[in-house]
Amino acid sequence: MTHPPAAANPQPPRRRVVVTGCGMITPLGRTTAETFARAAAGESGIGYLTRFDTRGLPCAIGGQIPDSWLDDHSDGYARRHRPQLALCTRFLLAAAGEAVTQARLDTLPDRTRLGIAVGAHGENPSVDAALFLHRFTDGQGHWDTAAIARSGGYDFMQFYRRKSDLAPVTLAARYGAGGPNLALVSACAAGAQAIGEGTRLIREGRCDAMLAGGAESALDFVGILGFTLLKALAERFTAPERASRPFDRKRCGFVMSEGAGVVVLEELDHARARGAAILGEVLGYGDSADAYRITDTHPAGEGAVLAMRGALADAGLTPEAVEYVNAHGTSTVQNDVTETRAIQAVLGEHARNVAVSSNKSMLGHTIAAAGAIECILSLEGMRRGVLLPTINYEFPDPKCNLDYVPNTARRRAHRVVLSNSFGFGGQNACLCLGRWDE
Amino acid sequence: MSERVVITGAGFVSALGGDRAATWAALDAGRSGAAPVAGFDARGFACRRAAQAAAPDADALGVSPRDAYIMGRSNLWFLQAARAALAEAGLPAVCTDGPAVGCFAALGMIDPVPDDLRAAAVRSRGPDGAFDHDRFYADAYREIYPLWPLAILNNVGFCMAAAGLGIRGENAVFAGGADAGAAALIEAADVVGAGRVDVALAGGAAEAITPLGLARWHRQAALIPGDGPEPACRPFHPASGGVVPGEGAAVLVLEREASARTRGVPILAAVAGWGCAGGESAVARAAERALTTGAGGPRAVDVWIPHGEGAPARDADETAAYRRLWPRPAAAPPVAAFKGRLGHLGPAALMADAALTVEIFRTGRMPAAWPDGAGADPMLPLAATGPGAAPRTVLLSVRGWTDAAAAVVLTAGAAP
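Protein sequences appear in the order of chains Y and B. The first sequence begins at 1 in our numbering and counts up one residue at a time. The second sequence begins at 439 in our numbering and counts up one residue at a time.
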């Protein structure tokens with residue numbers, strides 16, 4: 001690779017981690033290529049929800065993946081285990097299938113050195129199940145558990161579908177991965193944390209390759225209800241596809257979405273020995289906690305600043321090396337202002353020269369999958385020399401005064417990207433990604 | 439890991455006590471925390487026995503009723519153990535240099551409480567008194583407390599603890615079984631050793647035992663049936679009745695040895711190695727990796743504290759790992775397992791065993807794994823209880839709900 005410029009803090013020699021496979025399924029496409037092409041065209045994947053009854057909900061839109069797309073991906077393994085697999089785990093298997101095929105992981109010599117790191121939260125509890133149980137308790141701590149068992153009305157398989165760790169465990173079983181297995185549950189930062197933690201495992205020699213990423217499907221009544229109660233969702237919009245409008249003055253909340261993204265991370269020499277095509281490099285990873293309020297981000301974006309600076313320091317780069325920021329950019333009033341401030345704090349005057357855009361303007365917020373999907377889109381952008389746009393950017397917000405690549409993708413070669421993921425509750429992650437030039 | 443990482447604080451809340459000392463004293467006295475399930479009517483469950491911890495005192499922890507609701511019992515135990523660990527390590531209750539302090543937590547699932555939906559359910563009744571979905575979806579759901587969604591977030595325990603303790607450095611929350619706790623300890627040791635933070639908390643909290651939680655336990659482990667007398671759960675005994683679910687939390691404070699010496703705080707133990715593995719022979723392979731990363735190999739181990747959950751089939755797997763690690767019986771270390779008396783603490787299991795190891799190093803004695811006479815004819819040689827040759831190297835092993843395993847090697851704090 002041609003090294004990025006301005007290595008301020010040269011790192012001691014360490015194992016380099018490259019990406020040799022990418023896969024995703026999103027509301028914009030069944031694959032990475034399809035998603036990227038539609039995102040580059042500025043299309044939106046947001047529409048009215050059809051999977052469940054949305055009556056009464058003030059927000060009834062989202063980035064819903066058509067069921068038929070998943071059927072396209074379903075293999076024997078997914079079909080056999082379907083009753084215990086949450087929808088997000090089925091998305092994960094679809095994304096992993098694409099990544100594994102691209103990486104030609106069938107040539108991996110030692111599966112005991114293949115690890116898994118996945119950010120996922122499992123299936124939400126269903127309202128019907130909770131209300132069903134309500135019939136068997138008197139509110140005083142007394143349960144008629146025998147009657148629950150007798151009723152036969154409770155779906156005990158949901159225990160498996162709700163477990164966050166079932167997603168990485170399923171991937172390990174599917175691909176015979178005998179290395180470390182991590183289940184991360186850091187909300188919107190989970191996908192990026194999974195890739196960051198996976199990178200570290202390889203650097204430290206604990207494994208040679210990782211399947212890392214995130215998956216989410218919270219487009220159900222409880223998922224939408226939860227964020228409605230927290231007043232986090234976009235409720236005012238002229239059309240569903242125009243509701244997610246990061247950095248725009250008329251933004252009013254995020255749009256929930258679903259999907260999965262998986263990368264194959266690999267130690268550089270290991271990848272070369274296999275003859276694997278290299279798609280990019282994970283240069284650095286930083287993470288932090290806001291330690292602020294559970295419902296709010298720090299107004300100055302201090303946690304975000306720590307994560308971005310951590311990623312740059314880990315990469316041994318100065319802020320001037322950054323050419324593009326794939327923003328967390330949720331389209332909430334608060335996030336987009338604090339993230340703008342944080343980018344300015346980290347990049348200083350250089351922030352004016354850096355393109356910043358939000359994939360969520362097109363995809364919505366895929367929560368635990370977001371960091372992984374955005375990592376992959378960032379890598380694809382570097383490979384193709386394309387900056388993806390922020391669509392629905394119509395009314396500039398004076399508090400958000402960066403170059404957000406408004407509405408239209410831009411052709412520009414770039415080599416170093418920061419990809420931000422800031423989790424609800426205050427967990428933050430940032431990946432520093434590099435283009436690979438042989 | 440580039441620098442030696444040591445433990446300078448260890449907080450532990452269990453069924454046997456609200457702190458590490460109380461837990462240790464009870465163990466040493468031969469007591470068990472396992473008892474018939476309290477807090478709800480467990481009739482109808484095959485297993486009606488658990489090692490339940492005392493309800494946390496939110497007021498004493500300085501947690502508001504609103505935040506206590508969001509955190510729930512499990513995460514309050516986590517906070518309680520974290521505060522104790524920080525105090526023992528001589529660190530302020532609220533970190534003054536937050537970015538230099540990391541936290542890696544292993545947290546279990548949080549179940550929705552049907553009572554939280556009670557008002558909405560009542561308002562959803564139709565004229566005939568039956569539940570009417572249309573009423574619920576149209577309007578009644580607004581009766582649900584707005585912060586209810588926070589209370590079922592997987593990472594809420596970490597986020598609340600980070601805010602309460604001022605932790606702003608590197609972090610992650612891992613989900614799953616005991617292997618998640620190992621991930622938390624390993625990642626914490628790694629970031630401390632690499633100098634990415636000065637101090638890291640590594641902790642885990644067991645899931646609170648609720649009707650839904652106990653139902654889930656039945657699906658994922660071979661539980662002891664009934665609520666009969668001790669000792670029903672006897673790890674590594676062929677007649678063990680199965681697993682007993684446990685409650686509690688444990689949190690360790692990790693820092694570099696040089697930092698601890700500069701601060702002048704006692705070093706309770708050192709993290710000498712770790713390993714993870716999945717699939718066939720995972721327990722043995724994880725231990726082999728842990729013992730080959732600077733920990734001196736199997737011969738250096740004075741005591742093995744395996745996962746030892748009390749389910750005979752799974753204990754037999756670990757027995758096979760023991761034979762592989764130490765093929766010569768004369769060179770094999772004794773074994774101690776505490777889940778029969780503390781219960782299986784799930785994500786907190788490894789941290790609990792680490793906290794007990796700290797106490798083993800401190801006191802130079804082994805507590806009884808279960809009451810006298812209950813351990814006859816075990817599958818593995820049990821560690822002699824009471825004072826004896828003080829162990830200096832302890833291998834800790836855990837297994838997840840599936841075939842993932844991890845191992846950590848702890849050595850006595852003072853340099854040998």
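Source of the hints: derived by calculation from the structure; they are not laboratory data. Among the clues, some could well be false.
[Stated by the list, open to error] Quick look at which bits of chain Y chain B covers, simulated, 3 or more residues with Cβ under 8 Å:
#: 1; segment: 166-177
#: 2; segment: 180-187
#: 3; segment: 299-312
[What the hints assert, rightly or not] Partial pick of chain Y residues on the chain B-facing surface, computed with a CB cut under 8 Å:
#: 4; residue: R162
#: 5; residue: G385
#: 6; residue: V386
#: 7; residue: C400
Please read these numbers as outputs of a predicted model, since none were measured by experiment. The beta-carbon is built from N, C-alpha and C at its ideal position, and this holds for glycine as well.
Checked hints:
1. 166-177: With 5 residues in contact (Cβ-Cβ under 8 Å with chain B), the coverage given for the segment 166-177 of chain Y holds.
2. 180-187: Since 8 is at least three, the answer is holds.
3. 299-312: holds (count 4)
4. R162: Hint on R162 (chain Y): holds, closest Cβ of chain B at ~7 Å, below 8 Å.
5. G385: violated (33 Å)
6. V386: violated (32 Å)
7. C400: violated (25 Å)
Checked against the numbered hints listed earlier, the structure breaks hints 5, 6, 7; every other hint is satisfied.
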